[in-house]
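Chain by chain, the residues:
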Amino acid sequence: MELREHTALTPVFVRALTDAQFTLYSFICMLVGNRHAADDILQDTNVILMEHAGEYDAKRAFMPWAKAFAYNRVRTYLKKESRCPLVFDEELVTALAEQIPAETGEQSGRELLEYLDDCLKQLTPDQRTLIQSHYYRSEKVATLAERLKRTEISVYVQIHRIRRLLGACVEAKMQAAGTAGGEA
Amino acid sequence: MNHPDAYFEELMSKVVDELATEEEFATFEEILLRDAELRRRYLQYMRAHALLNCRFKGQTAGMRLLTHDEPVGRTGNTRTATAKSRPYPLNVRTAAPIAQLKKPWWGFSVGLKTAAAAAVLFGAGLWMARVQRPSSVATSVVPPAPVTVLRHTNASDLELPSTLPGTVRLVSGAATARLPSGVELSLLGPLELEVRDAMQVRLVSGRLLADVPPHAAGFTVLTDELELWDLGTVFGVTVSNGVSDVFVFQGSVQVNESAGEAVDLCEAGQGVRAAAGKRPCKFAADFPEAAAQYRPVAGRQKALRDPAAALAAAGRVAALWGERWLPQVVPPPPPPVPGLVGRGDKDAEAGRYITGGQPSPSVGGRASSVQELSQTTAAARPPQQEESEMRNMTNTAAALAAAVTMGAGAAWAVPAVSNVQMTQRAGSRVVDITYDLAGEAAIVTLGIETNGAAIPDSAVTRLSGDVSVVIQPGTGRHIVWNAGADWPENVTETAKARVTAWSVDAPPLYCAIDVTAGHAASSYPTYYYPSAEGVPGGVTNDLYKTYCILMRRIDPTGGDGFRMGSPVGEKDRKSDEDQVVVVLTNSYYIGVYEITQCQWAKVTGAWPSGFTNLQYRLTRPAQNISYYHIREDPSNKDDPNVNWPLNDVVNENSFIGKISIKTGLAGFDLPTEAQWEYACRAGTLGVFYDGTINIANINSDANLNLLARYRYNNGYIDNDNGPTAPSILCTTENGTAAVGSYLPNAWGLYDMHGNVWEWCLDWYADQLPGGINPAGSETGDKRVRRGGSYSAQASYCRSAYRPSDIPNTVNGSGGFRIVRNLP
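Listed in order, the protein sequences are those of chains B and E. The numbering used here puts the first residue of the first sequence at 1, with every later residue one more than the last. The numbering used here puts the first residue of the second sequence at 1001, with every later residue one more than the last.
So that you can see chain B by itself, here it is in the shape it has in the complex:
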């Protein structure tokens, strides 16, 4: 993939792309179910978006435009990896994409992260520390289990529960802010 010149990389565009990163990442992650794959697809998407910067109409919402490209990259990835048993089937991804609420406005990733931060505050101190250790310090579950004198499975369960709590909490905040509707 050869990059074209970025004549259309206006400050407005770059700001929009910057703000869109978190939302694009979670969008891709939700569709492919794998953060490593999502990393790569996001990078591809960014390159493509910059190549098409000239086509972007600043009067229109950025996110739906960008998501369309991201979704295309996801489909390309699925085709390429279709034989891999640990990649979602295209039919499922289509069903998932239909269910991801359409963000109509310029919902920035910053808002999503603010929701997350608010929700993190609702956890107990022990829960926050566990999440911090796992995601931020990248402590492996085995290490955590040893340090906390618990079994690995109970640490997994704990992390699982926290994710579920945070997922519900973030969604509730999105809905409260009117940024997420029902099922599309």
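Note that these hints are calculated values from the structure, not bench results. Errors might be hidden in some of the hints.
Unchecked claim - Simulated coverage check for chain B against chain E, where a stretch passes if three residues somewhere in it have a Cβ under 8 Å from a Cβ of chain E:
(1) 22–31
(2) 34–46
(3) 79–91
(4) 116–129
(5) 153–163
Using N, Cα and C, we set each Cβ at its ideal position, and we do this for glycine too.
On the provided structure of chain B, position chain E as indicated by the hints.
Quick look at chain E alone, frame taken from chain B:
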């Protein structure tokens, strides 16, 4: 729904954590394809996972121009090599030589496959991109210094690192420096700071004020004692002479001990002081002297305007707090449990009073708090409260009392508290509180507030008079609080008494039935406490395993109900555990512990139990008790008039009959099977009440070892012949354990797994009873027993396992706990 919750949850967790086998992955796909609701749950869950990754792995990368030949691997689903330790793309890119650049953990930076330039990010909101023409000259980028000085005042000998990790030293004066993450640090000399990377520093000594923009949340400051994890905020840190202080001026900071144990979340106006070798202590500027120090520096702008003044004020708040509260914050060692060792009942009887300061239930009582009040069920009428304020509450000063009526209080018709007066007896530390109660009889509890905050519930227990019991309406009701004994060495200018009246139909969270007077008594008093903390002596005191029966209120959420039974994937599950949805509509009290040998003997005058080693028998669960003993004919016969579920009659000479008559309260019984499982699970869906999803081995389980006495956790003696049944005179090392020896569930109930099988009301049927308030089959030959026992293997201790026995069964592994159904 076709797919049991727990199995779906387990699969989802495995897929997201990339631990699923191909088979599990395929099953998960299939489930999702079929079920839109589960797809919705997956999306919600995955969004949280994605955002957590964003938040903590590279969130601060910003759009910036990079010109290098970095080959960026795109290998589909394969795992990309990752940067070690703290992933911070911007920092890695700027601080490392170009040739050593690695792909960041994941990038918002646009990685390029070709030799070309790309514009990518500065932190969200920090628009600083310079758009350059594409260039293939890798060396054209000059890495900026990792720590940039923005301004300084009389800074002398300021030493900055050229690469990271590196050290900042400042001999004197003040300087403000910026890290690549956008975090700005106001540094006050003398100071030594190790900058590990753009998102983590370690303060060796000195003082700093951190201003962390939202996109750099997660920034961490370490000291010898503490680890401070920012959530987007302004906070100060001081390290001096082995003491670490943190204080928050805006936003919030998660404070942990350096070993990783959580201390607490600190919000603006709060902080933590940690000294080497001591437990960290949280403090707050929430009393007048401290608030006066904090006010001039509160908030981001004021704090940043003069960091030295802000940090000095924080230090003074910590010192004031220490002077004022520290003796109270460091709790005294817990009272020794009553001396229930020795020579049988007589000594044990005396043992109740051995602790000296141990409050007896007859003077029990405690403070109420708004938080606890919120735990009443939605249907319950909110307790009515009334407050009285008292000034100059000191050792000698006379008190000036003034009644303050809470606005909402007057609106509640019945029961209603009014005219609360509070006075301190001259020359003493005894406080008299009087009030009037109108409307209907109510349970009255007392709380004390000083400086706008409730003092700990456990410090309002030396109460006597018209409190903690059902009070009849009338004027001049009188509570005596021995503040000197409860809350020593405190002097406060103002205090507020909060008298709360609880409807008898919606009583406080805990109740204790005092059976001290034994089987010959004509009545048993009942006391009420609105929180675990407020139970005099603490819920784990042996008092509640011997002479009092402590019960905790369970408030079913109603609505969609809960899932009773086990999911298909649960190991060693039986066919009679197929899940059903059960809706419980009424609150009920349930025993915090299984009924003990001592409690059984007190109520019935008989001692049927095994494991009768005199030294250890009192707090062990009662055994050798049939269903008939508990609620029908106590000579272990069927009472034809007693016929659950066709009626809810109990025989008046049975254990429950006696409790009902002597307390004068309705609703006592065994739990229904649904009530038992709901209380046991406490909201969990897995095999045990700690949330364990499944067991690996049907005999023993490491998680269960923390929760229960069972065959492979010392229930049986493990010797060369394998597990062997213990003798009747064994210590509690084997056989049954003293109740409360293991961890409770989320609702504070002990031993729902293991120890003794617990009788339930229901006739056994091979299908679970679903629906609203299920009462079980109308006929049957066996009654259900739940929870496993000291002789059961791990899989028989599961929340969903449901064996049964004919009602006259008497054996050493069978006991029970009681419930009291509320209207």
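Checked hints:
For the region 22–31 of chain B, the stated coverage by chain E holds: 5 residues have a C-beta nearer than 8 Å to a C-beta of that chain, and at least 3 were required. Check on the region 34–46 of chain B: 11 of its residues sit with their Cβ under 8 Å from a Cβ of chain E, so the three-residue criterion for coverage holds. Here the region 79–91 of chain B counts 9 residues with a CB under 8 Å from a CB of chain E, which clears the bar of 3, and the coverage holds. For the region 116–129 of chain B, the stated coverage by chain E is satisfied: 9 residues place a CB nearer than 8 Å to a CB of that chain, which reaches the threshold of 3.
Counting residues of the region 153–163 of chain B whose CB lies closer than 8 Å to any CB of chain E gives 9, so the stated coverage by that chain holds, three being the minimum.
Checked against the numbered hints above, the structure breaks none of them.
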